[in-house]
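Participant: Please construct the entire structure, taking both the sequences and the accompanying hints into account.
Below are the chains, spelled out letter by letter.
Number of protein chains: 2
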Amino acid sequence: MLKSAPAHAFNLEGSGNGKKVIILGAGLAGMTCAYELNKLGYQCKILEARQRTGGRCWSIRNGSTNTEFDKATATANFDAGLYFNAGPSRIPHHHQLTLHYCKELGVPIQVYNNVNENTYYFAEGKGSLSNKKIRTREIHNDVRGYMTEMLAKSIDHGNLDAALSKEDAQKVIEYLMAEGGLDVDKLYKASARRGYIESPGAGNKVGKIADPHKLADIIESGLMDPDFYNVAEYTYELQGTMFQAVGGMDQIAKALEKKVAPILTMGAEVTNITNISDGVKIVYKDALGEHSINGDMCICTLPLPILSNINHNFSSDVSRAIDFIGYMKTGKIGMQFKRRFWEEDEAIYGGITHTNNDLTQIFYPSYDYLDKKGILIGYYNFNEKAERVGDLSYTDREKLALDKGRLIHPQYDKEFERSFSVSWHKTKYNMGGWAVYTNDTRRDHYPALLKPDANVYFAGEHLTYLNAWMAGAFESARSVVASLHGRVTETRVAYPETGTKG
Amino acid sequence: MLKSAPAHAFNLEGSGNGKKVIILGAGLAGMTCAYELNKLGYQCKILEARQRTGGRCWSIRNGSTNTEFDKATATANFDAGLYFNAGPSRIPHHHQLTLHYCKELGVPIQVYNNVNENTYYFAEGKGSLSNKKIRTREIHNDVRGYMTEMLAKSIDHGNLDAALSKEDAQKVIEYLMAEGGLDVDKLYKASARRGYIESPGAGNKVGKIADPHKLADIIESGLMDPDFYNVAEYTYELQGTMFQAVGGMDQIAKALEKKVAPILTMGAEVTNITNISDGVKIVYKDALGEHSINGDMCICTLPLPILSNINHNFSSDVSRAIDFIGYMKTGKIGMQFKRRFWEEDEAIYGGITHTNNDLTQIFYPSYDYLDKKGILIGYYNFNEKAERVGDLSYTDREKLALDKGRLIHPQYDKEFERSFSVSWHKTKYNMGGWAVYTNDTRRDHYPALLKPDANVYFAGEHLTYLNAWMAGAFESARSVVASLHGRVTETRVAYPETGTKG
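Here the protein sequences line up with chains A and B, keeping their order. Numbering that gives the first Met the number 0 numbers the first residue of the first sequence as 0 and each following residue consecutively. Numbering that gives the first Met the number 0 numbers the first residue of the second sequence as 0 and each following residue consecutively.
FYI, nobody ran anything at the bench for these hints, they're computed from the structure. Some hints here could point you the wrong way.
Since copy identity is lost for identical chains, a pair holds within one copy or between any two.
[To be verified] Below, simulated DSS-like cross-link-like pairs (lysine-lysine); rule was C-alpha separation at most 25 Å, straight line:
#: 1; residue 1: Lys-337; residue 2: Lys-450
#: 2; residue 1: Lys-185; residue 2: Lys-152
#: 3; residue 1: Lys-371; residue 2: Lys-102
#: 4; residue 1: Lys-207; residue 2: Lys-450
#: 5; residue 1: Lys-371; residue 2: Lys-257
#: 6; residue 1: Lys-188; residue 2: Lys-131
#: 7; residue 1: Lys-337; residue 2: Lys-188
#: 8; residue 1: Lys-185; residue 2: Lys-165
#: 9; residue 1: Lys-427; residue 2: Lys-213
#: 10; residue 1: Lys-204; residue 2: Lys-19
#: 11; residue 1: Lys-207; residue 2: Lys-372
#: 12; residue 1: Lys-152; residue 2: Lys-165
#: 13; residue 1: Lys-165; residue 2: Lys-371
#: 14; residue 1: Lys-70; residue 2: Lys-188
Predicted model, so just to flag it, every value in this text is computed and none were measured.
Facilitator: Here it is, written out as C-alpha cells:
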C-alpha cells in the first residue's frame, strides 16, 4: 500500500524488530538516519572517522582542529564565544524539514542576514569605479534607475516590439518610474535609495544625495559583470527569510549527537564495505587497530571522494557513480578582529561584500551585533579561486585575506588578531564541498546511487537536488530510512515517491 | 568656538551648574534630553501625562492600556511573553545613533526581517490574479523577467534611444539576462526564482516550476499598482539590514526610564507653558489637582497636536507652526493566534504581506520563530484607510481584520484568540502617528520650532528630517541639548551645524 508521508512529521508504521543497521558517517544524514531508525526499533551503530560529529555542519571555535591532507593538523585559537560556520551557514525559510528538525531537537534559530544594501562591491580592474569599495545600494539603485529609464523611454517612443495595449503600456511606465525611482521626465537622477553623503537629521540637516555613478563607468569597472549580479538576493535558495542556528550551526549536529550518543563510535575510519549474503561486513580501523563488524544493512553517508578510496564490492554502476560525480572546491577563512569595525565605522551588520578577486565574498557575522569583538569570513570562494587559495599555506591564505581585505577595510591592519581557514576539497574525510552535478553525471550516474547496492544504502546531500544544503542531508536521510524500512516491513513507503522496495 | 560633534559619542564640555530644566514628555526625545543633560550637571524634571514612559515607543503586552479620545480605555489581554510594537518596529542599520543608544543602554537587538519573498500580494479587484494570495517572489521575479526581456529585445533590435556603445550594449544585455533570469533566446520563461510547485528533494524529486503569470494578468489584477511597488525593499529607510530591540521596542524606553527614574513624574498632564522673565512656568494637573513649577528652561517634546491644545505664550510664528504642521493618521492591530500557522503551514517567517484593501499590510513577527503562539499585526495602514478603520469600534476593527485577513489566511477562523488595536491619531496624548510635512509646512513653519521660544526648546521626531523614526527623537534630543548647553555655557556647539546660540 502506498502511504503518503506528511511534510514534516515522520510517522512510519511497523517495527524494525531489532534489525542491525550500520551507519557510516556521523554527519547530519548519518545521525538523522540513526535517530529515525532508532525510533522505529532498529539497532543502529554509527561509525565516524573523526573525533567529532557533524561532518560539514561544523562551527570553528577555540580548540577546533582540522586536517588538510597535505598539512599538519591546525587548531583554532579564537576567543571564547566567537565562532564561524565553516560549512553551511544559512537555512532558507522553505527548507521546512531543516527547520522542523531544529524545532524537534530544540535548537533555537535566528535570522541569517543575507541581504544588506550597505555592504560593498569591490572590483579589481580598470574603470573609475574599480579598486575602491562602492556601497551595494549605489550600484543596485543606479543600475535599476538606468535600466528602467531606458525601458520607459523605449515604450514611450513606441520602440517596443512587445504587444502591449496602450493602457498596459501606461501602467508599465508608471511601474518603471516607481521601480527605478525616475523623475517626472522619466529620467534617473539619483535618489535617497542610493544613500546619502550627508545623512538627514535634526534641525536643518535635510540630507545630501550624491550624483549617481555613470552607467558607462559602472560597466567599464565591471560592476555589471557576473561577479556582481544580484544572485545573492534572487536565487530561490538565498531569498529572504534565511536562518542560522543560534550559537553556531553545529548546534544542530550537537543536538542530534545527544540523541544518538549511545550508538556512536568515533575515531573509526572505515576501510572496507562488503555486501555479504545475509547482510554487510564493515571493516574499520581505530587507534587500537582493525575491527570487523557485521550488520543486516548499512547506510553509507560518506562523501563520494572518500568512498572512492574505500574497498567495496559494489556493482560497477555504483562504483562508476562514486568515481565520476564531481565535488565543489571551496574554502573559507574566519578572521577574528579586536573590534567590530564593520559595524562601528561602516554600519555593516551581517550580509556580504562581493569582490571579483580571489576573496569572492566577505561575510559579516549575523550574530552578537554591537558586541566588542567578532569573526568575519574573510573569503568564501569556489572553483579555481578556491583551488588557488587552497593551495597556499595557512599563513599565506591569511596574508592573502589581509592583503585583499585591507583594500576594502583598512581597519584590518590595526584590528586583526588571528585566523583559521578551511579548504574543504583538501580536508581529510571530506575532500570536497558538496556534490556538483553536470547534466551528464545527473543522468548517467546519479540514479545508480538512489537504489541500495544489495544491503548498502547511500544517503547524504549528494543524493538529492538540494546539493550543498543541510536540507539535502535531512531529506536524503528520511528518503533512505523510508526505503529501508519499507523493505524490512514489506510495505511500500512513499518517501520519496520513487522509493524502491528493494 | 565651533566644535565638531562626534557621530555617536556625545562628549559636550562645560557644566550645566544645576540649571533647572523642565522636560515635557517622557518619550524617547524627552528621556534622552534628561539623560544627557543629567550627565552635564543640569537639574532636570520630566513631566509625563501617562502612567508609562516611551510615548510611541511602545510594545503592547498583557495588561497594556490605551485610551482613544472617543472610547473607553482598552486593556490588552495577551499571553505572557507575547507582544507587538504598536509604534516603531524597525531600526534601519544606518540609524547609528539609535543603535548607539541600544549599545550604551545595554538593549540587545535582533534582526527585524523586513524583506521576505515568501509573503503574499493580495489584490482585491478584477483580473485573474485578484482576490487570491500570490507569493511575493512570483510577482517580483515574473515582472523582473518581463521587464528585462523587453529591454533586452529593445536593445537587441537597436530600438534604443540611449547612446550605448556596441560593447556596452552587449554588457547590458548580458546583465539583463542574468538580472531577469532570461533564457538563451532572451525570453523570460519562469525559473526557480519564482518558487516551486513541487519542491526539489531527495532521489528523483527534481522539483517542478510553474509557468509564470502573464504580464497582462499581473497588470489587470493591479499587482503592478503602487500598492505593490517594491518600496518595502528599495526605500533607504527600509533597506536591509533592519533591527528591533529583543523583547519589544519598548525595551529602549524602559532602559532610558531606568536612567531618569528619580526625576520622572508620571500622571502629570501639562496645561500651561509660560515663558516668564527669568525662566519658564509650567502648570500641570494630576490626580491630586493642579500644580505649578518653575524652571530656568524647558524642553517641550509633546507632539504638536497635543501642544496645540495647551495654553502658552509662544510667539505667533511658533503658535502657527504648532497648529499647521500635519500628522499621520495610522493604526495597527495585534492579533494573537493559538498557532504560528503562517510559519508552520506557509513557511512565512517575518516580513510583510501587502494588500490593496484597508489592511494595507500584515506584519509577521520577527521574534520567537518556531514557537507555539504568536501575535501578528493584522493591519498597519495610513491616511484615509487608517481613518476609516480608526473610526470603527474595537470590535469592528477586529472583525475587519478577520474578514479581510481570512481571505489570505483561512487559518484565522480556527486559530484566532484576541486582538488589540491602536489608532494613533485618536490616541490621547498623541493624536497622530508622526509629523508629515508638505513642502509648504517645511518651508513656512518648521524653522520656527528649531529655535527656542525664549526659554522653551522644542524636541522630537517632528523637528527632524527623520520623521516617524526613533532616530528622529534621538537626533533631535541631542541637537536641543547641544543648543541649550551652548547657551548656558556660552560656547557654540556644532550639533546641529545650525544650532542657535539663543
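Participant: Evaluate each hint against the coordinates.
Facilitator: Hint-by-hint comparison with the structure:
1. Lys-337 with Lys-450: Neither, since 51 Å and 43 Å both go past 25 Å.
2. Lys-185 with Lys-152: both (7 Å within a copy, 20 Å between copies)
3. Lys-371 with Lys-102: Classified as between: cross-chain Cα gap 10 Å, same-chain 30 Å, threshold 25 Å.
4. Lys-207 with Lys-450: between (63 Å within a copy, 22 Å between copies)
5. Lys-371 with Lys-257: Answer is between: at 24 Å across copies they meet the 25 Å cutoff, but 32 Å inside does not.
6. Lys-188 with Lys-131: within (23 Å within a copy, 37 Å between copies)
7. Lys-337 with Lys-188: neither (41 Å within a copy, 49 Å between copies)
8. Lys-185 with Lys-165: both (17 Å within a copy, 24 Å between copies)
9. Lys-427 with Lys-213: neither (48 Å within a copy, 51 Å between copies)
10. Lys-204 with Lys-19: neither (73 Å within a copy, 29 Å between copies)
11. Lys-207 with Lys-372: neither (32 Å within a copy, 44 Å between copies)
12. Lys-152 with Lys-165: both (14 Å within a copy, 19 Å between copies)
13. Lys-165 with Lys-371: neither (58 Å within a copy, 51 Å between copies)
14. Lys-70 with Lys-188: This pair counts as neither: shortest intra-copy Cα distance 54 Å, inter-copy 48 Å.
Checked against the numbered hints given earlier, this structure breaks hints 1, 7, 9, 10, 11, 13, 14; the rest are met.
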